[in-house]
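There are 2 protein chains.
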Amino acid sequence: MRLSLACLAKPILHGYFRSSCSWRVRIAFALKGVEYDQLPVNLIKDGGQQLTEEYKALNPMQQVPAVEIDGITLSQSLAVIQYIDETRPGPHLLPADPKARAQVRMISDLIASGIQPLQNLYVIQKMGAEKMQWSQHFINRGFQALEPILKQTAGKYCVGDEISMADICLVPQVYNAERFKVDMGKYPTIKRLNEALLEIEAFQVSHPSRQPDTPDDLRA
Amino acid sequence: MRLSLACLAKPILHGYFRSSCSWRVRIAFALKGVEYDQLPVNLIKDGGQQLTEEYKALNPMQQVPAVEIDGITLSQSLAVIQYIDETRPGPHLLPADPKARAQVRMISDLIASGIQPLQNLYVIQKMGAEKMQWSQHFINRGFQALEPILKQTAGKYCVGDEISMADICLVPQVYNAERFKVDMGKYPTIKRLNEALLEIEAFQVSHPSRQPDTPDDLRA
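So the protein sequences, as listed, match chains A and B. When the count follows UniProt numbering, it moves up by one through the first sequence with no breaks and lands on 220 for the last residue. When the count follows UniProt numbering, it moves up by one through the second sequence with no breaks and lands on 220 for the last residue.
Some hints here could point you the wrong way.
Identical copies carry no separate label here, and so any pair may be met within one copy or between two of them.
Unchecked claim - Simulated crosslink set (SDA-like; lysine to any residue; CA at most 25 Å straight-line):
| no. | residue 1 | residue 2 |
| --- | --- | --- |
| 1 | Lys-56 | His-137 |
| 2 | Lys-99 | Glu-68 |
| 3 | Lys-156 | Ala-96 |
| 4 | Lys-126 | Asn-176 |
| 5 | Lys-99 | Glu-86 |
| 6 | Lys-181 | Asn-140 |
| 7 | Lys-32 | Pro-95 |
Read the hints as simulated data drawn from the structure, not as lab findings.
Chain A on its own, in the form it takes in the complex (with noise of 0.2 Å):
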């Protein structure tokens, strides 16, 4: 049997300190103990460094993060996790169980398509002076409905007592709602997963404080 060079080489990450899409691969990435390297992609520098028609080549959405993995490149987060997850030992990102796997995917989903995509850099950069305003009405839509659902899947995490895809996309959120101001006071159930959470090494060690292309100012 004769492993190709793409397969043996490590794979590549194109993303932004930042970026919650980003940091969910990290994620991933930790929990599952695979090794990469990170080609950051600063998304204001320059007027947008994703912009480049080098970028464009590797991801037309012109987004971070794309991934170079195996002899392929993916973009779109989820895609990217669930592929790690299927092709990497380690802990299992998604349950056996094809009743939890929908509620983690339904949970993952929610925040991936209907919450992020709406607080999205591209997406407030044209609501110019009402960005907070537009950030905070819809992430606050999201977590009213994320918090009763979360009610009644969570048991230690998001969904049972392991860690999935579910928290993998939810704390990153978070951070996000953070940064937009939200009262995560009224959201007690994502508040507690998102404190439990952030004391694991995998979350820690993704974080954006702590990435080779975190800002001094901003590095923990």
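Please arrange chain B on chain A, whose structure you already have, making use of the hints.
Positioned in the frame of chain A, the structure of chain B alone reads:
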């Protein structure tokens, strides 16, 4: 072995004829040959029937679809589709190969997180007179990324020659694009795939023009 009543019951789809996310679920049920009941939720009438307390208990996000299936209630169409795929016989909606699965999920999420949320009813209701221009902008932005990706992944359908979740996401998104008068001539691959898919019975019987809640003037 005893089957619970919940497992014997037909799934119930709470949806809306013109909702692209409801249509996704209808296509999946049709492809898998699963019989289901529909309970229409009119997103316009009475200020929006999704906003009632009764519906909120079913889906706290107050969006369609919500699906009652096997004793649980699921929202988020891609979570529902993958649950159906993992628990029902019939053609697989995700390929067996991990790389192809990742490409299917990438394309599905590009639509479900990158395009659809930005032209969702509750967002464009906030845009007032600008809603047509706003929707066109974000659909064009997404399709400009999707076109080169599909050029690489597509065979007869979005990923290779088998119908997948990516196709289930594509067709309703093109339907939305046409409603918002996006020029589809700019996207020859998307256009070709959409036309091929609309030839298939599962995409026809699930079409917005043929649902129990389709108004007479929009009925095919």
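(message) Flag every earlier hint the structure violates by its number, smallest first.
(response) Result: no hint breaks.
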